[in-house]
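Chains as they are written, first to last, in the numbering used here: chain A, -19 to 384; chain B, -19 to 384.
Hint data in this document are derived by calculation from the structure and do not stem from the laboratory. Because the structure is a prediction, the values reported are computed rather than measured. Treat the hints with care, as some may be off.
Intra- or inter-copy, both count: the list cannot distinguish identical chains.
Derived DSS-like pairs: lysine-lysine, alpha-carbon spacing no greater than 30 Å straight-line [as the list claims (entries may be wrong)]:
# : residue 1 : residue 2
1 : K350      : K140
2 : K207      : K249
3 : K249      : K22
4 : K22       : K253
5 : K206      : K253
2 protein chains.
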Amino acid sequence: MRDVAIVGVGHSLFGNRYDVRLDELAWEAVSEALKDANLTVKDIELLIVGCAGGWSAEALPAVVCSEYCGTLPKGSMRVEAACATGSAALATAYNFVASGYVDIAIALGVEKMYESPTPVQIELIGRAGNYFWEFENFGLTFPGYYALHATGYMWKHGLKEEDLAEIAVKNHYYASMNPKAQFKKQINVETIMQSRYIAWPLKLFDCCPLTDGSAAIILASEDTAKKITDTPVWISGIGLSTGTANLSSRDMFLPLEYSGLETAVEAAKQAYKRVGIEYNQASKYFDVACVHDCFTIAELMAYEDLGFCKRGEGIKLVREKQTYNGGLIPVNIDGGLKAKGHPIGATGGSMIYSLTKQLRQEYGKYADSKAQADIKNGRAIAHNIGGTGHYAYVTILSLEKPHM
Amino acid sequence: MRDVAIVGVGHSLFGNRYDVRLDELAWEAVSEALKDANLTVKDIELLIVGCAGGWSAEALPAVVCSEYCGTLPKGSMRVEAACATGSAALATAYNFVASGYVDIAIALGVEKMYESPTPVQIELIGRAGNYFWEFENFGLTFPGYYALHATGYMWKHGLKEEDLAEIAVKNHYYASMNPKAQFKKQINVETIMQSRYIAWPLKLFDCCPLTDGSAAIILASEDTAKKITDTPVWISGIGLSTGTANLSSRDMFLPLEYSGLETAVEAAKQAYKRVGIEYNQASKYFDVACVHDCFTIAELMAYEDLGFCKRGEGIKLVREKQTYNGGLIPVNIDGGLKAKGHPIGATGGSMIYSLTKQLRQEYGKYADSKAQADIKNGRAIAHNIGGTGHYAYVTILSLEKPHM
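Pulled out of the complex, with its shape left as it was, chain A reads as follows:
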């Protein structure tokens, strides 16, 4: 297995992007990544496009992005794993490089969700749950799914709505410093508590927005990476797991009782095995994390699913502000899905963009003054979920080369 490094990263402005087409939005990230790597598009041998699709009339996103970005006639394909699509694209590009098939590949994530009218968006996202039993018969959509997790967690561990609000406060605080974020206003607990219920106990400000955006990650094999950059960021472990879409098929009497996602635990354990650490070592091993906070409860579950703390102790991390810069492990200091935005296919790549910047100590200007001091071991983790754990992808980055 060849070692693979990130040699360039790019990121579009997230938000409502009526101003650009899908392929133009893609180029915003790809061009920035090329510049970051000091490469031209001719150097790219393969383009893997993460795009959940279905929002726009464009049926073949990888084709139009390849053409507009100038990678033709190089190979490409589209990859989809619901909201973990970006991480699936990264894992795919990684394996094409690790195998020796190509030396340089781009994992591009891109999504334009605002091209569909709202009822279509709700229908399309709802179908990504369990279509027949839960969506069609019971009307469950994603706020409802995650509300079930929130009530499960409340019942088990005494979670309060104010605790969830604190997670939104943190992520909006960091988004306010991220020039690429969708929401740049800080908010407070009171505002969140007064916002309307979407699905009890989740309120408007517990939910991430719909977003248009793109992110591009250029990967290179060890020998090639060394020629391209003095600051390679290595991919040292990937874990991926799949679960049933049908929440009612998950065993209610498992230890988690809906207060966590089994597939996230499984993906984390796979990835940790690859870097040789135990599950309970995670908070010491990693300097920073990006986790999948599509709803505030999802970030809380991620703390525990990744082993940053014991079951039920996630609330303590929130109350003690341990996931801010300077805390036990800073989480989503780019604003997260919650406030940076969640353009489905681009979200996984956006996490890798943020973590790469952080590991390279290039992210201080976006975060608070304590951000740079947090990078001690040079290791970061991304946690990207599709559905309610239908997919879980965990990616570990390191400044140290994995196989010495």
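Chain A is fixed; fit chain B onto it per the hints.
The following block gives chain B in isolation, referenced to the frame of chain A:
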């Protein structure tokens, strides 16, 4: 780069499959592949699902197929490359094994096209062309696109409609012997010539049908493959290329002048380079081929794009029946897309299924009496196109291990 072998193949009945759901259809191929490899589902480490999707209410095909086939909690994702989706899934699974990430993976292709009413099918397929300029403004759909290729070829090389009919006659002849084919009736040139025009010069019997179906290919690394089977079929080369969706953007004054697909030539050259042969050696190097005959003209162009003969000489191969068993190079002796059927996501895998059976000498019962004698060098080639060359994937199989 680790060598990767096909250790098991499975294939559903192709046709109108109202009798099964998408996940049940997937299991038809997966269960057969597991039986063929003498493995259980617990042995599978990764499931890559090729599914173009959009035809049914099911938004996350890889999730429901993973659950029904019993691979949970193992990782999965969906891959799409238009009508080359099945080959993209294979290339992805191949690289996850070649890299050393997993030892055993399944590339599953599955599609249920009949779940959409016909106008939706036409809309969805049409959008896979160039959406805005050619589909929306000019009403071009795929029979029209390939009709442009046919008239281009006619003008350049003196093609007759009867020549195209002969390709359909061959593929229906072979499908009549394939128990998994959608159409099992032989047809003659007269019937084809009397069928109605869909887009001149292409008639009803020049066009492949819509199809429901699945195919599954189990891949294993060299060490693992040797434990599983005595008859591994190796993947010895893959080529992939992407082209503009916009036919009007392709240079009319290139040597091909619409009589071939540039991306198919590019993908073939990439794959040939990996096995170390020249472009013009192909017809001698390979024993058999499966090519992308979504329309009869597409098969004719494939002969030349793959270098089986010189430009313009494809007609001669047809007239001399050189692509039947016993000829220069037998092509689509499983019936091809034309008569076996074309379930978009499953087509690439179906080609690999057929070629694996042929190389293993297990395909004689489906083909004519000369079929077994055609396997001399133990090498086969699959040519899978998305759109009108938006994607081209070429896969080379061999009985001999690639890296000795």
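A quick look at each hint next to the structure:
no.	hint	verdict
1	K350 to K140	within (28 Å within a copy, 75 Å between copies)
2	K207 to K249	between (33 Å within a copy, 28 Å between copies)
3	K249 to K22	between (38 Å within a copy, 18 Å between copies)
4	K22 to K253	between (37 Å within a copy, 19 Å between copies)
5	K206 to K253	both (26 Å within a copy, 26 Å between copies)
Comparing the model with each earlier hint shows no violations; every hint is respected.
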